[in-house]
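Protein chains in written order, with my numbering: chain L, 1 to 60; chain P, 1001 to 1223; chain C, 2001 to 2223; chain Z, 3001 to 3255; chain R, 4001 to 4225; chain S, 5001 to 5225.
Source of the hints: derived by calculation from the structure; they are not laboratory data.
Errors might be hidden in some of the hints.
Heads up, simulated EDC-like pairs for lysine to aspartate or glutamate below, C-alpha to C-alpha not over 20 Å straight-line [what the hints assert, rightly or not]:
hint, chain 1, residue 1, chain 2, residue 2
1, S, Lys5063, C, Asp2223
2, S, Lys5099, C, Asp2078
3, Z, Lys3114, C, Asp2124
4, R, Lys4099, P, Asp1078
5, R, Lys4061, Z, Asp3149
6, S, Lys5061, C, Asp2223
7, R, Lys4063, P, Asp1223
8, Z, Lys3014, L, Asp31
9, Z, Lys3152, P, Asp1077
Ranges between beta-carbon positions, derived for each pair [what the hints assert, rightly or not]:
hint, chain 1, residue 1, chain 2, residue 2, range
10, R, Asn4012, Z, Lys3014, 24 to 30 Å
11, R, Leu4059, S, Leu5059, 50 to 56 Å
12, S, Asp5071, C, Arg2219, 20 to 26 Å
13, C, Ala2201, S, Ser5027, 47 to 53 Å
14, P, Gly1129, Z, Tyr3120, 36 to 42 Å
15, P, Leu1024, L, Leu18, 49 to 55 Å
16, R, Leu4065, Z, Ile3029, 56 to 62 Å
17, Z, Pro3021, L, Gly8, 36 to 42 Å
18, Z, Trp3201, P, Pro1043, 56 to 62 Å
Quantities reported herein were computed from a predicted structural model and do not represent experimental measurements.
Built from N, CA and C at the ideal position, the CB exists for glycine as well.
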Amino acid sequence: MDFGSHAGFIFASYGLCLLTILALIAWVRFDKAHQDRSLRELAEQGITRARPENESKNAR
Amino acid sequence: MTGWAMALFQRDLRLSIRVGGSALVGVLFFLAVVTVIPFGVGPDLNLLARIGPAILWIGALLATLLGLDRLFQADRDDGTLDLMLMAGRPMELVVLIKCLAHWIATGLPLVIAAPLLAIFLNIDPIAMGAVTLTLLVGTPALTLIGAIGASLTVSLRRGGLLLAVLVIPLAIPVLIFGVSAADAAIHDPVPFLTPFLILCALSLIAAVIGPVASAAALRFTAD
Amino acid sequence: MTGWAMALFQRDLRLSIRVGGSALVGVLFFLAVVTVIPFGVGPDLNLLARIGPAILWIGALLATLLGLDRLFQADRDDGTLDLMLMAGRPMELVVLIKCLAHWIATGLPLVIAAPLLAIFLNIDPIAMGAVTLTLLVGTPALTLIGAIGASLTVSLRRGGLLLAVLVIPLAIPVLIFGVSAADAAIHDPVPFLTPFLILCALSLIAAVIGPVASAAALRFTAD
Amino acid sequence: MAFWDYANPTRFLKLVQVLLPWLVGLCVIFFAAGLYMSFFMAPEDYQQGNTVRIMYIHVPAAWLSMMCYSVMALSSIGTLVWKHPLADVSAKSAAPIGAAFTFMALVTGSLWGKPMWGTYWVWDARLTSVLVLLIMYLGLMTLWRTMEDPIKAGKAAAVLTLVGALNLPVIKFSVDWWNTLHQPASVVRMDGPTIHPDILWPLMVMATAFTLFFFVIHLMAMRNEIMRRRVRALRLRAAASSHPGTAAATAQPAE
Amino acid sequence: MRSPALNLIAENLTIDRGGRRVFQDLSFSLESGTALVVTGANGIGKSSLLRTLAGLVALAKGKILLEGGEDDKLPQEHAHYFGHQDAVKPALSVLENLKFWQSFAAPAQTAGFTGIQMTPAEAVETLGIGHTAQLPAAYLSAGQKRRLSLSRLLVTPRPIWLMDEPTSALDKASEQQLLDLMNGHLTAGGMIVTATHTELALTNTKILHLQAVAPDASAPEEMLI
Amino acid sequence: MRSPALNLIAENLTIDRGGRRVFQDLSFSLESGTALVVTGANGIGKSSLLRTLAGLVALAKGKILLEGGEDDKLPQEHAHYFGHQDAVKPALSVLENLKFWQSFAAPAQTAGFTGIQMTPAEAVETLGIGHTAQLPAAYLSAGQKRRLSLSRLLVTPRPIWLMDEPTSALDKASEQQLLDLMNGHLTAGGMIVTATHTELALTNTKILHLQAVAPDASAPEEMLI
Ligand code: HEM
Ligand SMILES: Nc1ncnc2c1ncn2[C@@H]1O[C@H](COP(=O)(O)OP(=O)(O)OP(=O)(O)O)[C@@H](O)[C@H]1O
Ligand SMILES: Nc1ncnc2c1ncn2[C@@H]1O[C@H](COP(=O)(O)OP(=O)(O)OP(=O)(O)O)[C@@H](O)[C@H]1O
Ligand SMILES: [Mg+2]
Ligand SMILES: [Mg+2]
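Assemble the whole structure, with the sequences as input and the hints as a guide.
Next up, the structure:
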């Protein structure tokens, strides 16, 4: 399909949007991994939320 | 003004005058910014005259905002703020009075310095008067809006820049109408009064919103 | 770099990055100043393109100087500065390394942001490159000169504005040659290289004078 | 179950876990459909040619940038008025997303502006107000990062968010006014091409996809934020653990 | 003794600071003429309790009531807070400092509280810093600054005194003077809540000893952890 | 005992601070293995003396010598200063804080001083904050921060320790631990100058009691007991 003389602008804007979206996704994923790791490390030191239903750490 | 308000006002004014000439520093910064711009822009006098009101306004904006970081911080550092919160006085009024004293000590000198600096910038007398008038009406709004930033950053050691960053978006309308009123006085066709009245209205609105938001922030972040 | 120097450099870099994104605040202030100027000056793109390099340089100057107040203050507030003075390391080098780390954390982001902001100011690609290049070479000089002010104001509580007032006069040569090199790249007739080389020389001179003066000031104000 | 029952972060996390897969699925479907429609079904504009396709991301991004601020403003009311434990988590997590959408709107707008107006940027009212919005997002993010205590940071940011929300329309209108002063209507003004269903449909689908995407990321970011606070609280407790004096305390009033 | 005119009631106070629960479900009540002495290890929450009573730290749960207080005022507006910070402005003279606080802080008169109101000059005289009255407060030593800060409590009558380690930085003589003032305040029908690490010779005291409990029992429920 | 390898000599120290003479013509000397305990009333100049020895306050008159020190180093570069401020960066982890000081502060090895150099991990373990090693220092309590600050002295061997009220903010157990460390340092041939308001159970001490002379002379005099 031909996008005419302005194809560059169209693809650039779609591409940059895609990049931003990917960056957002990467941010939440990495952040989650980071927090998960911190919680795991704390759990290894025996520090957990001393609550009966310990459902917090497996939210995924 | 009732007794306590007067006492607060006098105290703040005294402190501003006695402690390290904050007025002087503000004016010097204003002067520095205004002199630095011609160095950057180049010595073209027509150009300077054209952007002169803008330079004065931007200088005043930066000097006001960057000088605001001690508005509440000094009182917080020595425990005064805690006592003010328990003094049984409406915090909104307290903020308003502190802003008034601060403006008289640091904003007014800027307004007074503006005509002098206008000469450097090759601004003609009428425009000079217009700029000074708009600054007189507009800088209180800047102080009052800046007070919000000052109370938000009161617990942080690194006030200055962050305060400016938080407040500049809120202060843009004041800048716009200030400059456009000043410009209107230079380029006759545009009526001066409309933007000037809007500027006055903005100052009044700021006199309500600034103290309310600022008092709320002070109360919420007290600790 | 020897071990201690590397350790200091890494620590300062880490602190800059972890503590409330000081890099972010500087760039934001830069952005805010650059945004605010068209509001004052008006949206005339030709005019903006003409004064664009100056705006970028003035924005960078203010952002650098106003962000410098914590360079030594944070270390003084918690007693670190005392220990640094007794650590048996040449204070001049310590200052130089701290400036380097500070520049990487806050000056470099400004340089990187400059091309983006240049788009807002309608600066054409060649000029954009020239401004960025001059900022790259010039902002270290601003940081190093500013360090003198930072060490002078370290014992005063009110750093920000005063620091800027003290340092702006010293920084004007950097600004002049920075802007003129950038302008030269736009208006062909003027040779770019001469002011650019002078700018480089200024940075080198600042790299000597800044740390020496700053270390002396730190030693004197220790108490 | 009433909304208030989700005040408990733990229950909120459970809800997120149930909701998220569905949202992700819907979001992907809408994006696929929207992209297909905007590239292959939507017609060229008679004036703008193919560049009109930028609209299908530009306009949703612009809408979302504003919606996101509304979400933050509502959450801020939640923080200040009802002291809802999830409100400032919501506001904090929304800020980076809002900044990203604003950035998208700016970038796509600029890239559209070059072929249409011949320049990437003009200091036009609408453009500038979006730029100011971006500064506000970034300022709020910085405020959050700078304050160590998340509860206090949340309150401070809530005050600023609300004041900023009040200022948002003001910026828009006043800048309109400002613009006409210096520059007569030389700036190209897009009052929207005639909304033909062929254009409207892809736009709506893309807008829905963007909205779904916002909710997905927002929920995930909120979950992260809740976990970050847990980590913080646990670390505080860990640091205090070997310190008998710093655990919680009871009191025995005695004569 | 007559029936207490004033009654300070704390119900189930729960405080979170910096994301940590400091204490939970603390209740007490205090009548006119009594002092509550709060003791406990470092970092247990004594200062936090005082600052809560002063309205400076928000309550996570619970409430603070003052029976017999002025209706249109919050409990903390009946109280003076005397903490670690002096709230003394070095650039103002001693009297200027004090006069400001006298005009600024609203007095709270309640039935049964007969505390008198001194003039600033009398107050500094009482505290033995009369000779410095005209000096800038910057010239005062740490102990003198503290006494100046204390004189604030004498120029504005308020029935509740919240005092955080009041004797710190005071030498023996001024400590005795402070205790006399505090006893006088109690006799006049005021009340005192004070955190301390040392013994205080007050006339009519209740002791609140804060103690750590098993750490995991403290898991906050609704707090975001 | 063998002849002292190190000898710290202060001759006629005179200090002005804030335009006031704090003390005048103070002389003492201190050998390896001994602690100098500086006592005296508030504001008499104990902290000022320590900061002078640390090279932080300029001498108005007099000089400070270190016999037996490394030739190319100033006396203060043989010393650790442990004052009221912790020099702990909240944003760095406990180990990061300590590692920085280990790399940054130059060690000073002198003949006769056999103080060992611990690794950061050992040092925090020794001081009982091993479990916080990876945590940001922001999460530490005041006492823990103080111990972290103390561990600085263990990772870089320097023969002189200047300690300003070292036991403040430490509970009883950690106070004992600190005294053991200080005694160990003395045994290893180090020397300590410490200002204190309380008794310190050190093995080998000399006491320097600062006392104000007649107030109009306004210059505190000093006695070496
Ligand atoms: C950086 C530049 C730009 C920015 C920041 C921007 C921002 C916005 C915003 C905030 C909206 C939403 C307005 C609303 O819903 O009330 C919008 C809508 C729109 N923009 Fe832009 N824009 C930019 C450039 C452009 C350009 C260059 C064009 C086309 C030539 C364009 C065409 C449109 C259209 C057609 C709409 C939809 C209007 C409607 O709701 O009917 N924009 N833009
Ligand atoms: N401003 C603050 N922000 C966050 N947490 C705080 C703050 N001040 C104190 N805390 C925490 O609250 C807890 C109680 O502190 P508090 O100052 O009330 O103790 P205290 O009993 O007065 O101790 P001390 O005897 O040392 O005065 C401590 O764990 C402390 O870390
Ligand atoms: N930074 C300073 N600037 C000016 N003067 C100071 C400074 N620090 C202390 N002084 C003054 O020097 C004198 C001695 O103070 P110093 O802190 O040495 O006393 P100190 O014996 O350590 O008292 P304390 O037992 O309270 O610690 C005091 O009169 C004080 O006012
Ligand atoms: Mg306490
Ligand atoms: Mg001392």
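Review point. Quick one: are Leu4059 of chain R and Leu5059 of chain S within 50 to 56 Å, going by C-beta?
Key: For Leu5059 of chain S against Leu4059 of chain R, whose Cβ atoms are near 53 Å apart, the range 50 to 56 Å holds.
Check your understanding: CA of Lys4099 of chain R to CA of Asp1078 of chain P, is that 20 Å or under?
Key -> holds (18 Å)
Practice item. Measure nothing beyond the straight line between the CA atoms of Lys5061 of chain S and Asp2223 of chain C; if it is 20 Å or shorter, mark the hint as holding. Key: This hinted pair holds, its Cα atoms lying about 16 Å apart.
**Study point:** Leu4065 of chain R paired with Ile3029 of chain Z, Cβ distance criterion 56 to 62 Å
**Key:** holds (57 Å)
Practice item. Look at the Cβ atoms of Ala2201 of chain C and Ser5027 of chain S and judge whether their distance stays inside 47 to 53 Å. Key: Given range 47 to 53 Å: holds, Cβ gap about 52 Å.
Check your understanding: Does the Cβ distance between Asn4012 of chain R and Lys3014 of chain Z fall inside 24 to 30 Å?
Key -> Check passed, 29 Å falls within 24 to 30 Å.
**Study point:** Distance restraint between Lys3152 of chain Z and Asp1077 of chain P, which requires alpha-carbon spacing of 20 Å or less
**Key:** Within the cut-off at roughly 17 Å; holds.
**Study point:** Given pair status - Asp2223 of chain C, Lys5063 of chain S, alpha carbons within 20 Å
**Key:** holds (17 Å)
Check your understanding: When you check the alpha-carbon spacing of Lys4063 of chain R and Asp1223 of chain P, does it fall within 20 Å?
Key -> Answer holds: Lys4063 of chain R to Asp1223 of chain P is near 17 Å, not above 20 Å.
Review point. How does the Cβ-Cβ distance of Leu1024 of chain P and Leu18 of chain L compare with 49 to 55 Å: does it lie in that range?
Key: With Cβ atoms ~54 Å apart, the hint holds.
Point to revise | Range agreement (Cβ of Arg2219 of chain C with Cβ of Asp5071 of chain S, hint 20 to 26 Å) | key: holds (21 Å)
Check your understanding: If you draw a straight line from the CA of Lys3014 of chain Z to the CA of Asp31 of chain L, is it 20 Å or shorter?
Key -> holds (19 Å)
Violated hints are absent here; each numbered hint is respected by the structure.
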